[in-house]
Amino acid sequence: MSGKKQPVSRRQFLNYTLTGVGGFMAAGMLAPMVRFAIDPVLQASSGGDLKAVAQVDELTTEPQRFDWTIDQVDAWYESEVTKSAWVYKTDNDEIMALSPVCKHLGCVVNWQGDPDHPEQFFCPCHDGRYYKDGVNVPNTPPNAALDVFEHEVREGTLYLGNAKPRGEF
Amino acid sequence: MEWKQKDRERYQEAKEYVDTIFIPLLGIDDIASNQAQDWLEQADAIQVISKEIERHYTGRVFLYPTYTYHVKCDYQLEVNRLNNWIENLKNEHFKHVFFLSFDPQWKLNEKDLNGQLLWITAPSINEREKEDALKVLHHQAKLLSDLIRTYWKNS
Numbered sequence: 001m002s003g004k005k006q007p008v009s010r011r012q013f014l015n016y017t018l019t020g021v022g023g024f025m026a027a028g029m030l031a032p033m034v035r036f037a038i039d040p041v042l043q044a045s046s047g048g049d050l051k052a053v054a055q056v057d058e059l060t061t062e063p064q065r066f067d068w069t070i071d072q073v074d075a076w077y078e079s080e081v082t083k084s085a086w087v088y089k090t091d092n093d094e095i096m097a098l099s100p101v102c103k104h105l106g107c108v109v110n111w112q113g114d115p116d117h118p119e120q121f122f123c124p125c126h127d128g129r130y131y132k133d134g135v136n137v138p139n140t141p142p143n144a145a146l147d148v149f150e151h152e153v154r155e156g157t158l159y160l161g162n163a164k165p166r167g168e169f
Numbered sequence: 001m002e003w004k005q006k007d008r009e010r011y012q013e014a015k016e017y018v019d020t021i022f023i024p025l026l027g028i029d030d031i032a033s034n035q036a037q038d039w040l041e042q043a044d045a046i047q048v049i050s051k052e053i054e055r056h057y058t059g060r061v062f063l064y065p066t067y068t069y070h071v072k073c074d075y076q077l078e079v080n081r082l083n084n085w086i087e088n089l090k091n092e093h094f095k096h097v098f099f100l101s102f103d104p105q106w107k108l109n110e111k112d113l114n115g116q117l118l119w120i121t122a123p124s125i126n127e128r129e130k131e132d133a134l135k136v137l138h139h140q141a142k143l144l145s146d147l148i149r150t151y152w153k154n155s
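If you're matching them up, the sequences are chains A and B in order. Residue 1 is where the first sequence starts when you use the working numbering, and the numbers rise one by one after that. Residue 1 is where the second sequence starts when you use the working numbering, and the numbers rise one by one after that.
Treat the hints with care, since some could be wrong.
The list that follows gives simulated cross-link-like pairs (lysine to any residue, SDA-like), each with its CA atoms no further than 20 Å apart [as the list claims (entries may be wrong)]:
(1) Lys135(B) <-> Glu80(A)
(2) Lys51(B) <-> Pro141(A)
(3) Lys95(B) <-> Ser84(A)
(4) Lys142(B) <-> Gly113(A)
(5) Lys135(B) <-> Pro141(A)
(6) Lys15(B) <-> Pro141(A)
(7) Lys15(B) <-> Thr140(A)
(8) Lys51(B) <-> Glu80(A)
(9) Lys51(B) <-> Gln72(A)
(10) Lys6(B) <-> Ser79(A)
(11) Lys51(A) <-> Lys130(B)
(12) Lys142(B) <-> Asp67(A)
(13) Lys51(B) <-> Ser79(A)
(14) Lys142(B) <-> Trp68(A)
(15) Lys135(B) <-> Ser84(A)
(16) Lys135(B) <-> Trp68(A)
(17) Lys6(B) <-> Gly106(A)
(18) Lys142(B) <-> Arg65(A)
(19) Lys83(A) <-> Lys51(B)
(20) Lys142(B) <-> Glu80(A)
(21) Lys15(B) <-> Lys89(A)
(22) Lys51(B) <-> Asp71(A)
(23) Lys142(B) <-> Val81(A)
(24) Lys83(A) <-> Ser145(B)
(25) Lys130(B) <-> Ala52(A)
(26) Lys4(B) <-> Glu80(A)
(27) Lys142(B) <-> Gln64(A)
(28) Lys83(A) <-> Lys135(B)
(29) Lys142(B) <-> Ala52(A)
No wet-lab data here; the hints were simulated from the structure.
Input sequences plus hints: build the corresponding full structure.
Structure, rendered in structure tokens:
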């Protein structure tokens with residue numbers, strides 16, 4: 001075994017293998033840390049599935065109720081759940097989709113549900129009231145405004161996602 | 001609210017607001033019998049309507065699991081058992097008790113029941129026409145919800 005036939009010396013060989021193995025070990029440690037650090041960027045948007053709910057040309061400035069169903073897994077039991085929204089166009093021609101779930105104890109509120117207070121949403125359970133923009137009327141049981149649905153318009157169809165409390169927009 | 005683990009905590013926090021018990025009554029029969037189809041349709045319908053009413057009034061109505069009985073039972077005995085149930089389920093917060101049924105036999109025994117019987121005729125629904133059936137059932141639930149509200153108003 002002469003030196004000429006061995007271009008890689010013992011020292012070089014050890015250097016290469018140590019660098020290689022060390023590199024792998026370092027990568028093994030760093031990769032999860034990097035993944036961890038950039039995780040929020042890779043997170044799928046929590047918007048959830050959007051559901052087609054109505055045609056945009058059906059909408060008026062008067063709130064209308066639209067119902068749709070979603071599959072919901074409740075513990076280990078999967079069921080079909082009905083969801084509703086009160087949808088209208090604001091004076092600025094923007095679409096407003098309010099969740100009908102009362103912020104007091106979760107009953108379903110109705111537009112103009114109380115003849116004494118037209119132009120308001122009314123909760124039949126404990127007489128909670130909300131103005132047309134969903135803000136709760138002071139001195140009624142609810143202590144927060146109605147949630148607002150995420151919405152999207154695609155080719156004239158209104159899609160709704162999750163309802164979110166005010167302030168999360 | 002309903003008979004589920006997640007609602008127990010909710011109930012504890014809001015019990016003074018929950019003043020209404022709701023119990024669906026469901027008859028069952030031998031699956032091989034000729035009438036089984038009717039009872040099966042009613043089982044689906046009563047489920048959908050009860051759930052929908054619970055959804056409308058989740059902060060005020062407590063939906064207990066469906067009371068199930070055999071359709072060839074002695075209804076007078078069942079009335080006694082139900083009254084016993086109510087006796088034991090009622091606490092100081094519950095002021096209203098509603099039963100929901102499609103079975104005319106309950107209508108005949110209504111006066112002995114310790115609560116309001118909401119009796120309606122069974123809609124004939126078919127699983128294959130689910131969309132239409134749901135519309136009908138939700139409409140019925142809406143009407144019954146309005147009826148429950150009038151009881152609340154008058155109390």
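How the hints compare with the structure:
Among the hinted pairs, Lys135(B) with Glu80(A) is consistent with the structure: their alpha-carbon atoms are about 14 Å apart, no more than 20 Å. Restraint check for Lys51(B) and Pro141(A): not satisfied, since their Cα atoms lie roughly 24 Å apart, outside the 20 Å limit. For a cut-off of 20 Å, the pair hint linking Lys95(B) to Ser84(A) is broken: about 29 Å separates their Cα positions. Restraint check: the Cα-Cα separation between Lys142(B) and Gly113(A) comes to about 13 Å, which is no more than 20 Å; the hinted pair holds.
For the hint linking Lys135(B) to Pro141(A), the alpha-carbon distance of about 31 Å lies beyond 20 Å, and the restraint is violated. Between Lys15(B) and Pro141(A) the alpha-carbon distance is near 15 Å, which keeps this suggested pair within the 20 Å criterion. The suggested pairing of Lys15(B) with Thr140(A) holds, with an alpha-carbon distance near 18 Å, which does not exceed 20 Å. For the hint pairing Lys51(B) with Glu80(A), the CA-to-CA distance comes to about 11 Å; that is within 20 Å, so the pair holds.
The hinted pair formed by Lys51(B) and Gln72(A) meets the criterion: a straight-line CA distance of about 14 Å does not exceed 20 Å. At roughly 16 Å between alpha-carbon atoms, Lys6(B) and Ser79(A) fall within 20 Å of each other, so this suggested pair holds. Straight-line distance between C-alpha atoms of Lys51(A) and Lys130(B) comes to about 19 Å, which keeps the hinted pair within the 20 Å bound. Of the pairs offered as hints, the one joining Lys142(B) and Asp67(A) holds, with about 13 Å between alpha carbons and a cut-off of 20 Å not exceeded.
For the hint pairing Lys51(B) with Ser79(A), the CA-to-CA distance comes to about 11 Å; that is within 20 Å, so the pair holds. Straight-line distance between C-alpha atoms of Lys142(B) and Trp68(A) comes to about 16 Å, which keeps the hinted pair within the 20 Å bound. Taking the CA atoms of Lys135(B) and Ser84(A), the gap is about 13 Å. The hint holds against a cut of 20 Å. The straight-line distance between the Cα atoms of Lys135(B) and Trp68(A) is roughly 11 Å, inside the 20 Å bound, and the hint therefore holds.
Using a Cα cut-off of 20 Å, the hinted pair Lys6(B) and Gly106(A) holds, with the two alpha carbons roughly 14 Å apart. At roughly 13 Å between alpha-carbon atoms, Lys142(B) and Arg65(A) fall within 20 Å of each other, so this suggested pair holds. Among the hinted pairs, Lys83(A) with Lys51(B) is consistent with the structure: their alpha-carbon atoms are about 12 Å apart, no more than 20 Å. This hinted pair checks out: Lys142(B) and Glu80(A) have alpha carbons roughly 18 Å apart, not beyond 20 Å.
Distance check on the hinted pair: Lys15(B) and Lys89(A) sit about 37 Å apart at the alpha-carbon level, beyond 20 Å; violated. Of the pairs offered as hints, the one joining Lys51(B) and Asp71(A) holds, with about 15 Å between alpha carbons and a cut-off of 20 Å not exceeded. With a C-alpha separation of about 16 Å, the suggested pair Lys142(B) and Val81(A) falls inside the 20 Å cut-off, and the hint holds. At most 20 Å may separate the alpha-carbon atoms for a hinted pair to count; Lys83(A) and Ser145(B) meet this at roughly 17 Å.
Taken as a hint, the Lys130(B) and Ala52(A) pair is honoured in the structure, with Cα atoms around 18 Å apart against an allowance of 20 Å. With a CA separation close to 17 Å, the supplied pair Lys4(B) and Glu80(A) stays within the 20 Å bound. The hinted pair formed by Lys142(B) and Gln64(A) meets the criterion: a straight-line CA distance of about 16 Å does not exceed 20 Å. Note on Lys83(A) and Lys135(B): the hinted pairing holds, with a Cα-Cα distance of about 13 Å set against a maximum of 20 Å.
Distance restraint check for Lys142(B) and Ala52(A): the Cα-Cα separation of roughly 23 Å exceeds the 20 Å cut-off, and the hinted pair is therefore not satisfied.
Hints 2, 3, 5, 21 and 29 from the list above are not met by this structure, while the remaining hints are.
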